[in-house]
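Participant: Here's the letter readout for the chains.
Protein chains: 2
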Amino acid sequence: MKVTLLGSGNVATHLGKALKQAGHSVLEVWSRTRENAATLAALLDCEVVEDLKGVNDQSDFYIISVSDAAISDVISQLPLDGKLLIHTSGTTTADIKGLSGVFYPVQTFSKQKEVDFRSIPIAIEGKTESISQQLSELAGSISDKVFQLDSDKRKVLHIAAVFACNFSNHLYAIAEQVLKENGLDFGLIKPLIAETTDKIQDHSPALVQTGPAVRNDQSTIASHLAYLENNKDLRELYKMLSQSIINFNQK
Amino acid sequence: MKVTLLGSGNVATHLGKALKQAGHSVLEVWSRTRENAATLAALLDCEVVEDLKGVNDQSDFYIISVSDAAISDVISQLPLDGKLLIHTSGTTTADIKGLSGVFYPVQTFSKQKEVDFRSIPIAIEGKTESISQQLSELAGSISDKVFQLDSDKRKVLHIAAVFACNFSNHLYAIAEQVLKENGLDFGLIKPLIAETTDKIQDHSPALVQTGPAVRNDQSTIASHLAYLENNKDLRELYKMLSQSIINFNQK
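These protein sequence lines are chains A and B, in that order. Going by the working numbering, the first sequence opens with residue 1, and the numbers climb by one from there. Going by the working numbering, the second sequence opens with residue 1, and the numbers climb by one from there.
Next comes chain A alone, as it looks inside the complex (with noise of 0.2 angstroms):
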């Protein structure tokens, strides 16, 4: 398959990669910066498109990685009458003017790791029958897990791999900074991470929960709330998240 990528972050970077592994043809990248557009084509030894009305007429697919806000400027920009215009977005919907279907990566990229793109579930959602077959063999041609999952579906998985993925990342950098503001190194919980999450590859996440608010160790939350004292922002948190551990095991 030839495809244009259209957008240069995180999403089109590995899967520009992982399609050009697959044998397809990347032609031409587009970013709204210009270098971004640049180093990816670089990477990737195509083309890089200046105008979104410049893209050239030959791919098969034409893939919007841009953010979500920005999906229907870019859409309403191509000249493509009648092509294969798809995003990537967990959350935005299939139904907009012009764009054909949905192909949703469930996974977390940076640019400084590389993936296994073949264990990562794909959602695609086309607008026909035949726009979904399409996508099925351009997913399956890189990853062992598709799926169709409609607009509304796919914004719940998108939700859920918010909550799991970027806030835990997040209460990860937290524990970090906690850590280093008295001399701690970040690898000493490294272990206990890897661990939390090992555990739910087998188990309800529900079913193994552990820590001072499952227990309702009361005595241990209020010690940890009044060293966050002079931190706002993480002793709301704890409070916050502990409650809710609190509240989801009385239900």
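Treat the hints as calculated values from the structure; they're not laboratory data. There may be inaccurate statements among the hints.
Derived lysine-lysine pairs resembling DSS-like cross-links, with alpha carbons at most 25 angstroms apart [stated by the list, open to error]:
1) Lys153/B / Lys190/A
2) Lys111/B / Lys232/A
3) Lys17/A / Lys190/B
4) Lys190/A / Lys17/B
5) Lys127/A / Lys180/A
6) Lys113/B / Lys20/B
7) Lys190/A / Lys190/B
8) Lys145/B / Lys190/A
9) Lys145/B / Lys180/A
10) Lys153/A / Lys190/B
11) Lys111/B / Lys53/B
12) Lys180/B / Lys145/A
13) Lys145/A / Lys190/B
14) Lys111/B / Lys17/B
15) Lys111/A / Lys190/B
16) Lys17/B / Lys232/A
17) Lys97/A / Lys153/A
18) Lys153/B / Lys180/A
19) Lys127/A / Lys83/A
20) Lys239/A / Lys20/B
21) Lys239/B / Lys153/A
Per label pair, the in silico range of CB-to-CB distance [claimed, not checked]:
22) Asn247/B / Ala22/A: 37 to 47 angstroms
23) Asp198/A / Asp45/B: 25 to 35 angstroms
24) Gln201/B / Ser204/A: 48 to 58 angstroms
Every value quoted in this text rests on a predicted model; they were computed, and no experiment measured them. Just so it is clear, CB atoms sit at the ideal spot from N, CA and C, and this is done for glycine as well.
Since the structure of chain A is provided, determine the placement of chain B on it from the hints.
Facilitator: Okay, now just chain B, sitting in the frame of chain A:
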């Protein structure tokens, strides 16, 4: 070494098994709930102590693994002047009358899952140099990562562990619930959770943060909050965690 276990929860269970495997003798187990003591004693093939006043005086270590609020009460009932009494709490100070020191394994323990104690960091604190030495030997017999830490810093380490482990696991539980309510399988985000954790083994979490909040993608955030409108608890958590990510990255 000969050991008496006071407590029969997750820490006492895994610690007892690790000590036994390392060749130590667990002589007896006491617990507030006799049935729990009996279960652990059966697992470790040792005696049950019915009454704290009846613990034997032959052990080298008396390890107190009870809730933080109960530690002082347990110590006060033990007729063991001059014996090595230690607790396993992250947050409770070593400065308790009758206590000799602290032995805090930095890990999450669930009865359902085995752990490799050799990779678990153990923070020790002895009231004297000689006690620290003995604690170091005991800890070193089951772990390769033993280090000394005073009570104040141990509490900080525990707080970081609560954020990184207990709170993250709760976010996994929330994600599982959100998915389940929509007929979606938690397995769909397991690769994402694994990747998030894997990433921070080699990268600072603050530098690999992804998701709508760190992009300040307000349209996605608004869409997610609208979906969570009927779940006040999750909605507030989503808002607070997103704002915390935004604040964190503006520093």
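Participant: Return the numbers of the hints above that this structure violates; sort them in rising order.
Facilitator: 2, 5, 11, 16, 20, 24
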